[in-house]
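Visitor: Here's the letter readout for the chains.
Number of protein chains: 2
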Amino acid sequence: MSTPTVPLAEILSQGDEVVTGQVVDSNAAWLAEKLTHMGFLVVRHTSVGDRLADLVQAFTEASGRADVVVCSGGLGPTEDDLTAEAIAQAFGRPLALDEVALADLIAKYERFRRVMPEVNRKQAWLPEGSQRLDNDWGTAPGFAVEAGRAWMAFMPGVPREMKRMFEHRVVPLIAERFHLLPAHLVTFRTTGCGESNLQEMLTGLALPEGVVLAFRTKLPENHVKLRFPASMPASGMAAVVDEVGGRLGRHLFTIEGAESLELSGAFDTAGGDLAARVARQLLAREATLATAESCTGGRVAVSCTLHSGSSAWFLEGAVTYSNAAKVRQLGVPEALLEAHGAVSEPVARAMAEGIRERAGATYGLSTTGIAGPTGATPDKPVGTVHIALATPSGTEHRELHLSGERDRIQILAASAALDLLRRHLA
Amino acid sequence: MSTPTVPLAEILSQGDEVVTGQVVDSNAAWLAEKLTHMGFLVVRHTSVGDRLADLVQAFTEASGRADVVVCSGGLGPTEDDLTAEAIAQAFGRPLALDEVALADLIAKYERFRRVMPEVNRKQAWLPEGSQRLDNDWGTAPGFAVEAGRAWMAFMPGVPREMKRMFEHRVVPLIAERFHLLPAHLVTFRTTGCGESNLQEMLTGLALPEGVVLAFRTKLPENHVKLRFPASMPASGMAAVVDEVGGRLGRHLFTIEGAESLELSGAFDTAGGDLAARVARQLLAREATLATAESCTGGRVAVSCTLHSGSSAWFLEGAVTYSNAAKVRQLGVPEALLEAHGAVSEPVARAMAEGIRERAGATYGLSTTGIAGPTGATPDKPVGTVHIALATPSGTEHRELHLSGERDRIQILAASAALDLLRRHLA
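Heads up: the sequence lines are chains A and B, in that order.
For the first sequence, the working numbering assigns the number 20 to the initial residue and increments by one for each residue that follows.
For the second sequence, the working numbering assigns the number 20 to the initial residue and increments by one for each residue that follows.
Since the hints were made in silico from the structure, they are not lab data.
Any given hint might turn out to be false.
It does not matter which identical chain is used: a pair holds within one copy or between any two.
[As the list claims (entries may be wrong)] Taking lysine-lysine pairs in the DSS-like style, the calculated list, with each CA pair at most 30 Å apart, reads:
1. Lys244 with Lys399
2. Lys399 with Lys237
3. Lys127 with Lys244
4. Lys53 with Lys237
5. Lys182 with Lys141
6. Lys127 with Lys182
Starting from the given sequences, assemble the full structure and let the hints guide the process.
Guide: What follows is the structure, given as structure tokens:
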């Protein structure tokens, strides 16, 4: 059997907001990664603005170069949404009303007790002979057409709709059409450690031929990614994953894509973010959490409650921004605030212990600090943050010195607090 | 005097790491924004991998379409850095050793007491007739060539080197070559209304020639953007801004880019997000806010505390996820919870009134709902959310029916709560 040639893929993004730089085109990178791992060679990304002639030209060119062209954007109801029109012109496929798409649009509005604006009817007009891609995550239906050498899929530009439509509609259709040899991807999710430190930890790592190592920062996490060729046996992958996982040590909180590998190390392989890992740890112990936040302003609570089912382990949070709230909601002694200031180890400890006791939770987690840009003092510069964890057997504390803008400091402080709990429970 | 035509710009990024999605191409967005504000019409971004034939094709095509082509990446010393070679092939400009570039490279290594690796000599070979762009921020020199209709600049892919080279080397050369008229951008930030509703509100709007209208969704906001040509007088811009602002009505919470215009309407032109607008309203009244959140899990508090100086008006927040916390932290009567359930108008009202009273705040804001995907009942589907605002003169309430994933419902509910306060204070 001869090795099949690797099919070529291109990615196209439409929209003035992309082409003028108002948004970074993160859709393209996401799609490129997916297509690469599916086994395509991604050869080009193109972004064009909301100009009909440019769209027609870009679609026509791509249809002559690639086997698969994946496009996002330009499916909305407004006048600058021109994708279907451009396909009609580029490939001589006049638009036709898709009755199913129209009924679906109307039903979506009815479900939310709203009348569909007249302009939205436009979204049900699809190029003749195209295949509708139903959108269960938003209003605009997508569609797919064959043109030139390419199979082309068109999806909304809103990232969450695009991602879901790609996974649920486009991937199955691609699988029917192409004989692909997918790469295997393993992601190591770490926190509390910069990218250059991760690189140092992996210095001298000997990777088998064809294995690609990459780093990606996704604040507040850093990811290490390994891409294994389809030909690599599971035992070979497991050896590399064990080696990398061991080197990352306690900074590693979960591994994604390694569920099916037989690893020697005792790694968490359930994936997800830091709060998801903490949720698993708490549920396994039938333990609960309550939070008391000052400088993070509620970010720890938001990270927890983002997860469905969090009511089983997250009891409550207090965002005690004022000193009065720290006293009333958490029982922090006024004398402590006067003696040490709100940004101090004793206050962080008292906050964690206070919320733990009042909420009747197994663990209490607190943050207090100076997120900036104002509020600094000579001995407490911007980025000074105290975090504390109250447990049944005593209270732990960490002092952090973070840098950057206000939101970065808040994000990193909230993550460090959750990570204090994760490491305590590990 | 005839209106000068707006010159066209394209952006090209080279590198396998971009085209396979290992890195998000943030260079392209940065360059696009700079070029747009300088007065170019950016019509296309292209990313290609490290394959000579693809690079030659992409450079050749771009040189025939645009007046300026700005490229980054592919200038390093390794075999997969092919930019200069591709330009040599594309435009018949054989590579020649640039002695100044070579001496500069050697001097850079000497400065760090290192011997220059032999492979780096390659970086001093530039296409014949090109203009060297000295790199004071890294090793690889850039260069510029004229080809086809375009002036093309080639810079390193490392973002900090690229940005400095663009500002210090490329911008001055562009200024010599083009007579640019920077555009003027006005952004209308709205909330509580979908993009298609905004489109309907603006139906039949007569825009002066050259004014471009665009829509952009930035959850939980929708933006309407107007781009005015440089030639447009301030009075003309003001008339359009007044018309658009008037049509958007109470959905509009601030306008950006209109500070210097003399508007007839009483619009807020200080810009920023919804919480920033609410902050201005509260500060003007010397009023304060406290929040009581269930389904939004702290997102209202995070929106508020994202802003430096929020301690002047944001007193505290309670994330009362459990019923026990609603009773203890907010004083919601247990009987009310039993009679109506936690997701109900009476409980939302009691939460807002409870936090207002306990925190001693002017306003109390609450959310309680079903963010999903679990927790729905036949009469309370996922997306059912009650929000309430307790004020010195009584309590307001809204029932929302939101759709989408858990995080989307949380984001929209938090925004709707803040917007209830914004409209009350308007």
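Visitor: Now tell me, hint by hint, if it's right for this structure.
Guide: Right, here's what the structure says about each hint:
no. : hint               : verdict
1   : Lys244 with Lys399 : neither (37 Å within a copy, 42 Å between copies)
2   : Lys399 with Lys237 : within (28 Å within a copy, 36 Å between copies)
3   : Lys127 with Lys244 : between (39 Å within a copy, 27 Å between copies)
4   : Lys53 with Lys237  : both (17 Å within a copy, 24 Å between copies)
5   : Lys182 with Lys141 : within (23 Å within a copy, 41 Å between copies)
6   : Lys127 with Lys182 : within (20 Å within a copy, 45 Å between copies)
When the structure is compared with the earlier hints, a violation turns up for hint 1 alone.
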